[in-house]
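**Student:** If you read the sequences in order, they're chains A and B.
Under the numbering used here, the first sequence has 252 at position 36, and the numbering climbs by one with no breaks.
Under the numbering used here, the second sequence has 90 at position 89, and the numbering climbs by one with no breaks.
Just so you know, not all the hints are guaranteed correct.
Claimed, not checked - Okay, derived cross-link-like pairs now, DSS-like style, lysine-lysine, Cα gap no bigger than 30 Å in a straight line: (1) 379(A) to 447(A); (2) 406(A) to 373(A); (3) 381(A) to 537(A); (4) 363(B) to 218(A); (5) 623(A) to 381(A); (6) 535(A) to 373(A); (7) 622(A) to 180(B); (8) 229(B) to 218(A); (9) 218(A) to 126(B); (10) 229(B) to 126(B); (11) 126(B) to 271(B); (12) 379(A) to 537(A); (13) 456(A) to 381(A); (14) 271(B) to 623(A); (15) 63(B) to 226(A); (16) 623(A) to 63(B); (17) 467(A) to 445(A); (18) 218(A) to 5(B); (19) 226(A) to 456(A); (20) 352(A) to 535(A); (21) 218(A) to 264(B); (22) 60(B) to 622(A); (23) 264(B) to 180(B); (24) 63(B) to 406(A); (25) 60(B) to 406(A); (26) 5(B) to 406(A); (27) 218(A) to 267(B); (28) 622(A) to 63(B); (29) 271(B) to 226(A); (30) 226(A) to 180(B); (31) 5(B) to 623(A); (32) 373(A) to 352(A); (33) 537(A) to 467(A).
To be verified - Far from chain A by the CB rule (all over 12 Å, computed), these chain B residues: (34) 32; (35) 71; (36) 160; (37) 161; (38) 268; (39) 288; (40) 329.
Bear in mind the hints are in silico, worked out from the structure with no lab data behind them.
As the structure is a prediction and not an experimental result, all values here were calculated from the model.
A virtual CB, placed ideally from N, CA and C, is assigned to each residue, including glycine.
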Amino acid sequence: MKILIAGDGKLGSTIARQLSSEGYDITLIDRNPAVLEATMEHYDVITIEGNAATMPVLRQAGVDEADLLIAVMGEDELNLLSCMTAHAMNPSIHTIARIRDPEYAEQAYSMREDFALSLVVNPEKHAAHEIERLLKYPGFLKYDSFARGRIDIVELKISEDSKLKDVSLQNLSNIVNTQVLVVAVMRDGKVIAGPDGSLVLEEGDDIYVAASRENLTSLLHNIGIIKKKTKHVLIVGGGKLSYYLSQMLVKDGLGVEIIERNPQRCLELADAIPGATVVQGDASSTEFLEGEGLSDTDAFVTLTGLDELNIILSLYGYKKKVSQIITKVSRVDYGAVISDLPIGSVISPKELCCSNIVRYVRAMRNQKGAALTVHSIAEGQAEAVEFIVDENTRHVGEELRNIPTKKNTLIGGITRGSHSEIPNGLSSFEVGDSVVVICSGDTVLYSLNDIFDD
Amino acid sequence: MNFKLMGRINSYVLAIEAVLMVPSMLISVGYGEIRAAGALLISILITIAVSGILFLVSKGAKNSLRAREGLVCVGVCWIAMSLLGALPFCISGEIPRYVDAVFETVSGFTTTGASILVDVEDMSKGLLFWRSFTHWIGGMGILVFMLAVVPMGGKNEGFTLHLMRAESPGPSVGKIVPKMRETASILYLIYCGLTFLCVLFLLAGDMPLFDALCTAFGTAGTGGFGVKRDSMAGYSEYLQSVVTVFMALFGVNFTCYYLLLRKDWKSVLKDEELRTYVIAILASAFAITLNIRDQFTSMREAWHHAVFTVSSIITTTGFATKDFNQWPTFSKAVILTLMFIGACAGSTGGGIKVSRILLLIKGLRRNIHQILHPQKVQTIRINGKSVSETVMANTNAYLSAYVLIVIMSFLVLSLNGGFSIESNFSAVMCTFNNIGPGLDQVGPASNFFAYNDLSKIVLIFDMLLGRLEIFPILVLFSRSTWTKLK
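One chain only, chain B, in its complex shape (with noise of 0.2 Å):
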């Protein structure tokens, strides 16, 4: 194990964290929250001086990392930086309970959008730009803004790709341009990008500009933090067609754009990923609209509020126009296999990824073909091209992991008296799945609260597990990551 290079990383994204709570305090101070203003004050001072120890204590780190040290060290990463920033809330006393806050802040930093908050509008300005700028943080990631913006060291960073691979998403991750570096830049940009015309957008709906941006946030990061009581519902139908279609865009996984601007058209429109998403999505889009139709005046309003839903569900964004909580159970139903397909791959989305799920279905089919024919023998392909069996074995092993721990998380929170079947089954599956609201009593017009300190840490840790796809977390509890030998 490379401690020393893994201390480096740490400190360097604990430093970048640190900078990224300077907007937050601006605003707390243009708003005149004293309080607020000085817990992220505290909080910035705190980060940084712990960045600054792990700088000092790594010093001649060599550059070099193999695989399961690059799992580590993020999994150590995230770990880190939601504990810190977890901070400013505990501190300025708005959540007073320290797991709650880190419930709030891993629920931000996944892109989760579970919240343990009774009132959002009770909430100082500065910490709720806090929270909402956390989804942005995470949803691109931040070891990827750390690779970006930090040199690693000059020569030979190949080791940089093991820190990529573990924090974005996907069943095989790789870089669109040869530098790892210009990589990130380009996620980034894009990101960056996207989220700017998503503000424009929305101030063009004479949306306020600190609404504007938050709500950019949870979109681009498909978090769905609201700043609302209501979420999204109180604001006028154009505004929600905004958020509509960006939750849709940030849902598709960033190397389209990247050959859209490099007007590679013909790759995008043939992308199997991207097309079976949009299918996804019109086909349950329609399926609702057609089931709720009798709850609306009209067929419009309904397609409008169906497609929404399935938007905000499908790219696990979170945002609610509608409690569909009081929606038949066929649309409920339509919508809970929504929660485990998830965004595409390399997008900010959570979930299982559209491009697992086309690998494992195309896997079922060959395993059915060859029980048929047991000398058949049949590659899978995706876009035309074949997939190796290492990433088939890999996907397979995720969907076991992705089961095992859903299945053991719902046990640990029926422990937890009081909730419903279905609450702590859409719990679990909207924590993991980095969505947000699930249903029944954690549905959209309620929240995580009354649940108790135990079920919390699980939920934390399913939405870490969800974020960084299992493994990183899961390396940390492996004994065999600790020693020496494998």
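Chain A with its partners taken away, still in its complex shape (with noise of 0.2 Å):
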């Protein structure tokens, strides 16, 4: 399949890497030449020196046999003409667009077809949206669900305290009192796909668990996670994902409060959500952040534009024992280094952008059998897939204990109409059963057949 990649910046670049590693003919355009040779040097695609918006360059790119464009550059208004215009050129051409302006986002996305747009993605939107959920279970780092929300895959640190600490996978069941599975455990930058139940858990493993969105609740109150409900945010920066997430939170009835440093985005920010406390000053400033009440806020959110001062804010945020934090990351990169730090939950756009669009390609790959969600966990070493069973499946109704299946690999969840369990050596799946796989990350699958081993 063949794929025109419009600006090459983190986004791009990102989204290069994971499909030309999964076999795509991928060409990039960008306009400035240096990081068009650097992307070339690391990952085997194409480049092309141009303006994506317009006809000459879109050709020279070969939008005429191209299956879909991703237009991922800096401003909403070229990636929107871009895709314009391939589409012109190109009917049949699928075609992504990132929309990022709140002032655009709506249009966007109900001026689709006039856009010929099959897709707009809103990397802050998307950040917003999972924040939100992390904000409302708190005691997770992470959150992932499948199966329309029936299923759950969480992540959890494993603490000093821990009533998991030095418990085997196999006696888990006991403690937790609940049906729960864990899928992956993350031990020290390394991720074990598929453990098996002989593993102990030690402190400082970030463990995966899927469950089911009941069992869930008791999860958390038979492992002593007080769940305690969060009613007031702090936010620091103003940007468009803050945006987006304080007017979610607004909305759902949580006091919100944000500090941004540029007077003129306060006023825009105050106008634009009223029900939110909007303050302006500069949040690298101690006394500042404990004037506004730092120590006593149920959450802190930190979504300035910097990497670096998010994790310092982050840190401080630790040291003044708020019960949950939330820290924004654009740069992947050093997810080695910062998953030792106390930051909370990371959460980068960027990352969570990329994994959506790279589902979208998945499923255009493959229209029968194709993925129908993926995320990727554990810093992206591991992938947690959701399928369809259908009627090419292998090994439909037989128990799962029986069926060979490859190494670094497990189902995790199987969902049967409204009915989610988390599947043990008996369960078996049906023709038209949703099914969550989990996986190491240099596994792809294109279909569930890839996880049988035979």
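Got two chains here, separate frames each, mind docking them using the hints?
**Tutor:** Structure follows, in structure tokens:
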């Protein structure tokens, strides 16, 4: 499949890396030859210099034969124009545009057909949804849902006083008293996907647990994470992500306070979200943060444009014993470094957006049997993929313990109709079921059959 | 330095070389040449052994290579495969001295075609075949072949670009399709297809199969090793014309053929490099025809030999139908000029390359303009697209290195008494530009046997420098290449 990516920024090159390693033909278009050169030296892609919203450049990039255009340039307008131009030149092309500006977000979505867009991605809005969910379920570092929200995979850290410390996986259900499954364990920066029952959890492990929604609450209670409802959120930074997030939180009835340095931006925010308290000031001053009630807030969310500042602020929040901390980190390259820091949940809008796009591409590649949703977990070292069982799937109706599966893969959830179950050796799947599979990051699953080892 | 990955790549290259020796061995067996077949068999075993050792040593190599490592890797690969490729000649005793054997092999791989053999017809068929086959392998490049057949570790193989850039000639080498493996395969398919066509046309002219294969390899790689004492002179006019056309075809940028296959006639017709190349061939053939017409019975015959020679020299092949040493000085001067220019970038030919000459001329014109209008801002454009200043700087650096190397080699060669200045200079020119025969004592009618070992080694390096476009070999001698920090 031929894919054009317009814009070789952080997101563009992340998508290029992911898709080229999955074997697609990638053509990158950008106006800066230096970044193109760097990307081409790292990934197996071809590059074209120029403005991807112009016909000659698109023609040179082979838009006539391309199946998909992903427009992720810096400007929303350019992305829209590029998609429209490409569609005019090749009506059968699929187009994905990144639209970030709240002013356009709504109209881009409702005018998708006029703009000839197959998918609109909005990394900040997506990230805001993610943060909103995390705030609803405190105690988890990360949270992914499958089967229309019936199965969740959550990330938990085993702390010093955790009840799960030194427990082997086969004894886990006795302690938590509910049907859950540990699908991956992250230890010392390395991931063990589909761990076996003899594995003993240690302090400092990040574990990924699959559970149905009902069981999630009991899990929380049984392992002693007190579920205190979040009532007040302190947000640092007033960018697009903050805008989307505070809008959602205000709607949910939470108290929101935003700290932003730029007075002009403060005015805009105060005007756009009347329900939120907007404070103008420099959040990097500790006195100021204290004065704004850092110690009293239920959740502290750092969303400034500087990763370093976000991390430092979150560390400070941890020192001040804020019960929930969420940190935005745009550069995912340093994941291994920051995973050891107590900065709570780490959110990367770009990474979220990338997995969103990859999901679309996979679905396009193979309409039948393709993955419905793909979530990357454990810093991208493992993936949770949702499939629908169809007639071509093998081993339908067999007990899971009799099915040979590849190493580092695991079935983490089976949903039939409205009933979800976390499977054990006696479970089986039927045609029409939705199945969540966990696999380590270097395995690429195109269909459910790829996990069987025969 | 990622020595492990470099070792792994070297191991693949040598394994491929060993496999490519097999056809020559079978031919030896077919002709009942026990000695040559044995020598080839031993060489294959040695090459496989070296490849195997490298493979074992390079276990667990990480898949990443930076630009300078790519250059070093290609340089080392070419030297290694030349040293091993020379073994059959030496072991069989047909070229008893190892230096001579290496000279012959490097001359083959670099598609030079300069020979130290006094009489090629004495050589066994199997080794003659191997000698011509090295042209074919070296023409498109063995690493490009490796990229086409060996999957390099699946994920993120962007680093392979460095290998292709280091091996393929031209000022700005790029891919033609997104995937490196596909790019390399397309290039090789075009190469094989054209070679096959060439063989067919030669067979149609009643050339024996063996001769047709060897001649086609020499033509395709723009090498120039013949299987006859008098190169191409003994063949019919038809066969010579076929070779003329195919030499010119193999001197064209292979991207043009890809565009033709995609029916993109317009870009090909508008290609500035191709136009310049065609004009250069026609103009110099015309000038030489006028200059040499007294030596031939008819104008047509003069044209026939002039165009053959021009095509042979500009594509840096080096086949000959007439001893152009006997031609007037003006014709020889034109031939010497064509040696500089060489073929198109992205072809199998050598020389400075037409596209670089275009860039140099345009750059010079800009400099002159800027002397007249110091404030004038001007970009350099090729095919309607502006060329980046980095490419311009690289082209200028290339020319400087080119001139320096020519002068230095010329000086060292002069230590060797008994050769005229014309011979020495043309010897450097025609090895560095991968042509083959030069003028005077190294003209089409003679060879390089009489040079001493030092001169031969210098010429061997000249050939490698010329084929790999200087830098992959030059970086091997830079201290900063081997120290950890630059």
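**Student:** Next, verify each hint and record whether it holds.
**Tutor:** Okay, the hints, checked on the actual structure:
1. Restraint check for residue 379(A) and residue 447(A): satisfied, since their Cα atoms lie roughly 27 Å apart, inside the 30 Å limit.
2. For the hint pairing residue 406(A) with residue 373(A), the CA-to-CA distance comes to about 14 Å; that is within 30 Å, so the pair holds.
3. Our distance criterion of 30 Å between C-alpha atoms is met by residue 381(A) and residue 537(A), whose separation comes to about 22 Å.
4. Proximity of residue 363(B) to residue 218(A) is assessed by CA-CA distance (about 37 Å); at most 30 Å being required, the pair is judged violated.
5. Using a Cα cut-off of 30 Å, the hinted pair residue 623(A) and residue 381(A) holds, with the two alpha carbons roughly 26 Å apart.
6. Of the pairs offered as hints, the one joining residue 535(A) and residue 373(A) holds, with about 18 Å between alpha carbons and a cut-off of 30 Å not exceeded.
7. Among the hinted pairs, residue 622(A) with residue 180(B) is consistent with the structure: their alpha-carbon atoms are about 28 Å apart, no more than 30 Å.
8. Distance restraint check for residue 229(B) and residue 218(A): the Cα-Cα separation of roughly 50 Å exceeds the 30 Å cut-off, and the hinted pair is therefore not satisfied.
9. For the hint pairing residue 218(A) with residue 126(B), the CA-to-CA distance comes to about 48 Å; that exceeds 30 Å, so the pair is violated.
10. Distance hint between residue 229(B) and residue 126(B) is fulfilled; the C-alpha atoms sit about 12 Å from each other, no more than 30 Å.
11. For the hint linking residue 126(B) to residue 271(B), the alpha-carbon distance of about 44 Å lies beyond 30 Å, and the restraint is violated.
12. With a C-alpha separation of about 21 Å, the suggested pairing of residue 379(A) with residue 537(A) holds against the 30 Å cut-off.
13. Between the alpha carbons of residue 456(A) and residue 381(A) the distance comes to roughly 39 Å, so the proposed pair goes past 30 Å and is violated.
14. Distance check on the hinted pair: residue 271(B) and residue 623(A) sit about 55 Å apart at the alpha-carbon level, beyond 30 Å; violated.
15. A distance of roughly 24 Å separates the Cα atoms of residue 63(B) and residue 226(A); the hinted pair therefore holds under the 30 Å criterion.
16. Among the hinted pairs, residue 623(A) with residue 63(B) is consistent with the structure: their alpha-carbon atoms are about 23 Å apart, no more than 30 Å.
17. Restraint check for residue 467(A) and residue 445(A): satisfied, since their Cα atoms lie roughly 16 Å apart, inside the 30 Å limit.
18. Pair hint residue 218(A) plus residue 5(B) does not hold up; C-alpha atoms about 33 Å apart against a cutoff of 30 Å.
19. In summary, the hint linking residue 226(A) to residue 456(A) is supported, as the alpha carbons are separated by about 17 Å, within the 30 Å threshold.
20. Distance restraint check for residue 352(A) and residue 535(A): the Cα-Cα separation of roughly 23 Å lies within the 30 Å cut-off, and the hinted pair is therefore satisfied.
21. Taking the CA atoms of residue 218(A) and residue 264(B), the gap is near 19 Å; set against the 30 Å cutoff, the hint holds.
22. A hinted pair counts as satisfied when its Cα atoms are at most 30 Å apart, and residue 60(B) with residue 622(A) qualifies at roughly 25 Å.
23. With a CA separation close to 21 Å, the supplied pair residue 264(B) and residue 180(B) stays within the 30 Å bound.
24. Taking the CA atoms of residue 63(B) and residue 406(A), the gap is near 18 Å; set against the 30 Å cutoff, the hint holds.
25. Between the alpha carbons of residue 60(B) and residue 406(A) the distance comes to roughly 22 Å, so the proposed pair stays at or under 30 Å and holds.
26. About 24 Å separates the Cα atoms of residue 5(B) and residue 406(A), which keeps this hinted pair within 30 Å; it holds.
27. Note on residue 218(A) and residue 267(B): the hinted pairing holds, with a Cα-Cα distance of about 24 Å set against a maximum of 30 Å.
28. This hinted pair checks out: residue 622(A) and residue 63(B) have alpha carbons roughly 25 Å apart, not beyond 30 Å.
29. Between residue 271(B) and residue 226(A) the CA atoms are separated by roughly 37 Å; this puts the pair beyond 30 Å, and the hint is violated.
30. Distance hint between residue 226(A) and residue 180(B) is fulfilled; the C-alpha atoms sit about 21 Å from each other, no more than 30 Å.
31. In summary, the hint linking residue 5(B) to residue 623(A) is supported, as the alpha carbons are separated by about 28 Å, within the 30 Å threshold.
32. In summary, the hint linking residue 373(A) to residue 352(A) is supported, as the alpha carbons are separated by about 18 Å, within the 30 Å threshold.
33. With a C-alpha separation of about 27 Å, the suggested pairing of residue 537(A) with residue 467(A) holds against the 30 Å cut-off.
34. Remark: the non-interface label on residue 32(B) is consistent with the geometry, its nearest Cβ contact in chain A lying 44 Å away (cut-off 12 Å).
35. Residue placement check: residue 71(B) does not keep its beta carbon more than 12 Å from all beta carbons of chain A (closest about 9 Å).
36. For residue 160(B), the requirement that its beta carbon stay farther than 12 Å from each beta carbon of chain A is not met, with the minimum near 7 Å.
37. A cut-off of 12 Å between C-beta atoms contradicts the statement that residue 161(B) is not in contact with chain A; the least separation is 7 Å.
38. With a cut of 12 Å on Cβ distances, residue 268(B) falls inside the contact zone with chain A, its closest approach being about 10 Å.
39. In this structure residue 288(B) is separated from chain A by more than 12 Å, as the shortest Cβ-Cβ distance comes to about 38 Å.
40. For residue 329(B), the requirement that its beta carbon stay farther than 12 Å from each beta carbon of chain A is met, with the minimum near 48 Å.
Going down the numbered hints, you'll see the structure goes against 4, 8, 9, 11, 13, 14, 18, 29, 35, 36, 37, 38, while the others check out.
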